[in-house]
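**Q** Read off the chains here:
There are 2 protein chains.
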Amino acid sequence: MGEGLIRLVAVDIDGTLTHGDRRLDVAAVDAIRKAESSNLPVALATGNVLPFAEAAAILLGTSGPLIAEDGGIVFDPASGQEHMLGDRLEADRGLAALERAFGPIQQTRSSNMRLTGLTLRHAIEVEDANKILTREGLDLVAIDSGFAIHLRSPDVNKGNALRRVSTLLRVPLAEIAAIGDGPNDIEMLKIAGLGFAVANSDEIVKRVCTHVTAEPYGKGVAEAIEKILALRG
Amino acid sequence: MGEGLIRLVAVDIDGTLTHGDRRLDVAAVDAIRKAESSNLPVALATGNVLPFAEAAAILLGTSGPLIAEDGGIVFDPASGQEHMLGDRLEADRGLAALERAFGPIQQTRSSNMRLTGLTLRHAIEVEDANKILTREGLDLVAIDSGFAIHLRSPDVNKGNALRRVSTLLRVPLAEIAAIGDGPNDIEMLKIAGLGFAVANSDEIVKRVCTHVTAEPYGKGVAEAIEKILALRG
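Residue numbers (my numbering), protein chains in the order written: chain A, 1 to 233; chain B, 1 to 233.
Hints are all accurate, no fakes.
Any copy, or any two copies together, can satisfy a pair, since identical chains are not distinguished.
Computed cross-link-like contacts, EDC-like style, restricted to lysine to aspartate or glutamate with a CA-CA straight-line distance of at most 20 Å: (1) Lys34 x Asp21; (2) Lys34 x Glu226; (3) Lys219 x Asp30; (4) Lys219 x Glu36.
What the hints contain is simulated information worked out from the structure, not anything from laboratory work.
Chain A extracted, bound-state conformation (with noise of 0.2 Å):
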């Protein structure tokens, strides 16, 4: 591998920086800021709201832009500019076609701070909605996150958010590694030049990375970033 091949590290936050009860790994504070400081940003990529991004970039130090809502927002520190890649009024038509169909839903506590999506309470099956949704000609998405159910434009993922990031960084795909260990992690880790799976991954997720860790969470983390770093000499 040339030197100075990678040039960005995208990270995701719950299950990756984070053990599985979503507190920090300290590991992965100190793999993060090694990163910082070794002169290889980390965007950090996560499918919660864009302040719960920001905040976790201040208390983790990191410099990259920010990608939240799975995709659904490129936040570009350098420029201060939020771009949005979903639709949200598409989504509160989603949710009244649901709701004509099943009764009232509740949204969940974060859903009225989302931009670009929406997340309902588990009150109903994704295959039920994604019929409704189809049906009703809407360009949405019913996805079971576990946490929620998040209704979203189809072409919503970190993959397409990280497509993103490297046009307004002029940095190619080739040049940036990501890290992840979830469903919403494989289109960011397919696309990436790099694919990292922490130990902790899904099977399915393990399977698109060019590289799987032999430690979970932050230790995987910290792991894959020495790689990455020993990889540019």
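Following the hints, position chain B against chain A.
**A** Quick look at chain B alone, frame taken from chain A:
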């Protein structure tokens, strides 16, 4: 001191759990974990907005109430309720008055997310601002936090917010400890049963505390928590 004296610890974030550059001190992450696993719930207290406090609570694994906007908001995770101790409308009136006097004033990026006050870029002097606010009979003060100029109700502070936490949880203030470093922590440190200033605190902060730690930042927090746990016996 009696056994079981302290039942909750309120901890400032910036400069207390974090280094001066706002990055988490790893020592603080471990200390918070130790408190929570020792049945000493942690209540985070910040000048930042509630979504920031919520993100920090998730990433650190704290279980106590959250004090945000320097005491303007108390969030009780047990009930899911946000208690507003300040008035955004009054702050908007204050900004209008200041703009009539000084021309357009830019708010900070997070200002539009504030529910009990607002934050301005450093375009005006607080002394000048306070003269205008007094002259217009507004129930507001302008305070320079170093990051921004805050407009808020004069009785919004972390001390009054901690009093509200005490009422909500039915835990007397004497059984609550507080840890902080900055001038906006003073009211909280004064009314708590035990007040700990970390070593990097301003002198005026140390003077109101029952304890000053030997170590700064997260190591100071660890020291304070060890002390609190030791006092419980």
